[in-house]
Amino acid sequence: MRWATRFRLLAVLSALAGSAAWAATSSSAPVPANLVARDNPGDSGGAILLTWTPADSGSLPSDSIHIFRAEAPAFEWKQLAATTPSAGRYVDQTAAAGHVYRYELRSGGISAAVSEPASSRDNWFRNERANSLIATIIFLIAVLGSIAMARSGKPLFIRKIAGLNAVDEAIGRATETGKKVLYVPGIQSMDDIQTVASVSVLGHVARATARYGTDLDVANRDPLTFASARETVRSAYLAEGRPDLYREEMVNYVTYDQFAFVAAVSARMVRERPATIFLIGHFFAESLILAETGQSVGAIQIAGQADPTQLPFFVATCDYTLIGEELFAASAYLSREPVLLGSIRGQDIFKALCLIVGIVGIVMASFGNNWVAQVLLTR
Amino acid sequence: MSFDFGRVALFIFFFVVPVIGIALGLRSPAMRSRIPIITAFIAGMIPILSLYIPKGFLSGPQGMSPRLDRWLIIVAGFALLLGIVNVVQNNSRRIARRDAGWAFSVVLLAGLLVTGSLGIWGAVSGEGIGFRADGSTTPFKWIEDRFFQPLQSTIFSLLAFFMASAAFRAFRARNTEATILLVAAGLVMAGRVPLFELLAAPFPALQPSAASVSLFLGGLTEWIMNIPNGAAQSGIIIGDALGAASMAIRVILGIERGYLGLGAGE
Amino acid sequence: MAKRPSAMDRFLEWTLNLDRRWIYLLVAVSVITPIVVPIGLPVTTTSSTRSAFEFVETLKPGDVAWLSFDYGPSSAPENDPMAEAFLRQCFLKKVRVVVIALYPLGGLGLANNVLAKITAEFPNLVYGEDYVNLGYKDGAAAVMRRLGDNIADAFPTDVNGRPIGEFPILRGIHDIKQVKVVFTAATGLIGEYWITQVHAQFGTPVIIGPTAVSAPKYYAFLNAGQLVGMLGGMKGAAEYEKLLRAKYPELDRFYGGTRLFTATKGMDGQTVLHTVILLLILLGNIAYLRSRARRRVTDVGGGRGPAGTRP
Chain A
0 MRWATRFRLL AVLSALAGSA AWAATSSSAP VPANLVARDN PGDSGGAILL TWTPADSGSL
60 PSDSIHIFRA EAPAFEWKQL AATTPSAGRY VDQTAAAGHV YRYELRSGGI SAAVSEPASS
120 RDNWFRNERA NSLIATIIFL IAVLGSIAMA RSGKPLFIRK IAGLNAVDEA IGRATETGKK
180 VLYVPGIQSM DDIQTVASVS VLGHVARATA RYGTDLDVAN RDPLTFASAR ETVRSAYLAE
240 GRPDLYREEM VNYVTYDQFA FVAAVSARMV RERPATIFLI GHFFAESLIL AETGQSVGAI
300 QIAGQADPTQ LPFFVATCDY TLIGEELFAA SAYLSREPVL LGSIRGQDIF KALCLIVGIV
360 GIVMASFGNN WVAQVLLTR
Chain B
0 MSFDFGRVAL FIFFFVVPVI GIALGLRSPA MRSRIPIITA FIAGMIPILS LYIPKGFLSG
60 PQGMSPRLDR WLIIVAGFAL LLGIVNVVQN NSRRIARRDA GWAFSVVLLA GLLVTGSLGI
120 WGAVSGEGIG FRADGSTTPF KWIEDRFFQP LQSTIFSLLA FFMASAAFRA FRARNTEATI
180 LLVAAGLVMA GRVPLFELLA APFPALQPSA ASVSLFLGGL TEWIMNIPNG AAQSGIIIGD
240 ALGAASMAIR VILGIERGYL GLGAGE
Chain C
0 MAKRPSAMDR FLEWTLNLDR RWIYLLVAVS VITPIVVPIG LPVTTTSSTR SAFEFVETLK
60 PGDVAWLSFD YGPSSAPEND PMAEAFLRQC FLKKVRVVVI ALYPLGGLGL ANNVLAKITA
120 EFPNLVYGED YVNLGYKDGA AAVMRRLGDN IADAFPTDVN GRPIGEFPIL RGIHDIKQVK
180 VVFTAATGLI GEYWITQVHA QFGTPVIIGP TAVSAPKYYA FLNAGQLVGM LGGMKGAAEY
240 EKLLRAKYPE LDRFYGGTRL FTATKGMDGQ TVLHTVILLL ILLGNIAYLR SRARRRVTDV
300 GGGRGPAGTR P
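Chains as they are written, first to last, in numbering that gives the first Met the number 0: chain A, 0 to 378; chain B, 0 to 265; chain C, 0 to 310.
It is possible that part of the hints are untrue.
[To be verified] The calculated DSSO-like cross-link candidates involving lysine-lysine, where the alpha carbons are at most 27 angstroms apart (straight line), are:
1. Lys77/A - Lys59/C
2. Lys140/B - Lys116/C
3. Lys140/B - Lys136/C
4. Lys92/C - Lys246/C
5. Lys216/C - Lys350/A
Just so you know, these hints were derived from the structure itself, not from any lab.
Remember, predicted model here, so these are calculated numbers, not experimental data.
With the rest of the complex left out, here is chain A (with noise of 0.2 angstroms):
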């Protein structure tokens, strides 16, 4: 029975300091002064960024000042958020752009500052992205200066890329056995650069075949690389003084499904037994399907895209492949055209640039220093 009693009296006690206590702490709580609300800067809108004077928190909880809000016209105060007098910062991110708004921290239930009328709005440049403008800058730098010196005369060395050597060699194979040229601009549309570039490649393997009068079909899954391929083969056509060889039928359409695209090419595979077989561009599960069948027919394939996924698949199933960038450089090295060796150039400059970088930053991060990972990082 006594010590019932006595435990009651030390919990009564100790009840009564922790009262004492926070009364004590409460009333001589630091007070936020000077609060300022007005629009983030740097954002697309959508946010209020408030900030006052610090004060010390001392051992206050995290959630110690409570930060109100109220919205024009009815300006009803409601909670938003909670955080500490030492914080000095808070940015609003539910706030709707062009609304009026007003803020208020409390303290202990007590009001301890509020705003002026703020409001949100979008703005001329997204601060979070200045290191991805600068890279680009640094980027373009690199590749118009490049241009420049290949326009200025100067000769520049690309090394060599044995998928595009053999292109010529590929299509007089077809030539000399008298079938066909069968080309594949990938499964994406003409918003890939992938496509893009396939279809730049197509222009040059068009001319060749104007020139040595082989025949050609352009398979497509994608209408507007359809549209876009039979211009280009069009136009390669004319440019070479041939158009009488050019047949409606070259640049065909064939479905929208990848599968049914697949088993469809497939099948003119086997039946007409193309020579020379050019997978280039952007594929995905069909990738293997169509290298393995054009394998199995016998003809000479060159195949080429930048995303790592199919890779393994053209490797292991065709004579060439270009991998990653150097589809994108195919179009320069095909040509020789000096201004579009000097982006390749360009391009393999900033490339240095970002080992450069990269190693640094592992060496520093490796001393536990992460500056380079925060500068770089991009949102």
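Got chain A; can you put chains B and C on it based on the hints?
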């Protein structure tokens, strides 16, 4: 009426400018190739600018950049009509000339007609092309479930067979690189499945050892996928991104014209 | 005089020029046999799947998760089990799920089927409160950008045409930033867009369940911290099922029987197939190396290669 700067700008860039260009081009052939290049420049710059300029007229939900995205879908829809016309023309020609396999062209055109009609009827009648309100399937969905899905799965499953024949032919120790490829592929294939448990299935006493070997191979496979593979993939992705950016700059600035069918100097 | 080839040499020569149709037959038998005669092989888990599972385990009741069906019928055997396992885990933890489909050809049909199947296992779930199906929208990347601003912009109604304002699950969820995790069961590029558009721009954690062929690419994103987990192909789905069964034994009734397809059962076929392919590759290499050695011996002995050319 509020002034929608974005809409007006798009109208000027993609209607007024091309029309003026076409009119000028009728007199001067050199102008004809300029208009697509100018249009490509504008169409390329708008999304790039919207990346850095968060103003509503450019990158907001009704801004120029998202509007261009939506226009692409509409243009692709019209281009699909072009494609369908081409399919019908080619197959009709094949039937008329009784070329080899002309009967299959009849099947193709019949399928196109039937499925297309059912789809259009579904849209016009309001029933849609999925489930009806009472839970029954529309004719279009019936064709999709009974023909389209099984055929798609069948063609996709060909990959298993082709992968086996490609692996059998490609993974030969011809030279150093081919040997490395062979060993890595073998380790990953063995590490991804409980292969040794399968081989030791008739010998229960060997199961614990088989499990240990599988565990080791699994760890090795993870290492191969995370470290050498992860590094190589990262390198290719970075190279791709730079190559794509370089190609995009060439297209936007009109330096690259092969995709328009124009050659050097045109 | 050249030595007559032995029976072994003739067999190896035949192997070297093996007609691919024998390979196709072996593959068919390898895949069909475990379906007819289930083996029940064990599954070992990998760190990428474990981190995905553990991340979902940290979610609290009432949190909102996002499941996107970014695949079509062709990869359903790989991706369906992933989506099913994720839904089961969320519903057991009373995590609320928003379902969408971004894959144009068949994605919505699969979403409807999987959702119908799993919600039938949890009869107490209420549509609109515990889960909702917002249907399909075209233009994946553009949709994701709009989700970052306002979900109602991208999906103003659910799959049945009801305004999303009616659903309690979406009250308090204005945009994708308030969602605790996005799980994308994907084939092709759409899965990658969730990483480069949504996680990179809005910070929402992403778990990806790609097909096995795409999985190697995502290790780079996983190592860079842009993914909180990955289920690589059917193996990843089988690993997730194993983790799920270990944590929630009540799910054994779905994964233990032989009638329903699960990734764990599919792994039997994959294991047999891998074994057969590896044996074929081994045989092919033995044949190749033996024929190369024989050609060298013939050369040293003064013979010529085929058609008088050097081998």
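Verification of the hints:
1. Lys77/A - Lys59/C: Judged against 27 angstroms, a Cα distance of about 26 angstroms means the pair holds.
2. Lys140/B - Lys116/C: Distance ~19 angstroms between Lys140/B and Lys116/C Cα, so the pair holds.
3. Lys140/B - Lys136/C: Distance ~19 angstroms between Lys140/B and Lys136/C Cα, so the pair holds.
4. Lys92/C - Lys246/C: holds, 11 angstroms
5. Lys216/C - Lys350/A: holds, 20 angstroms
Hint check: no violations occur; every hint is consistent with the structure.
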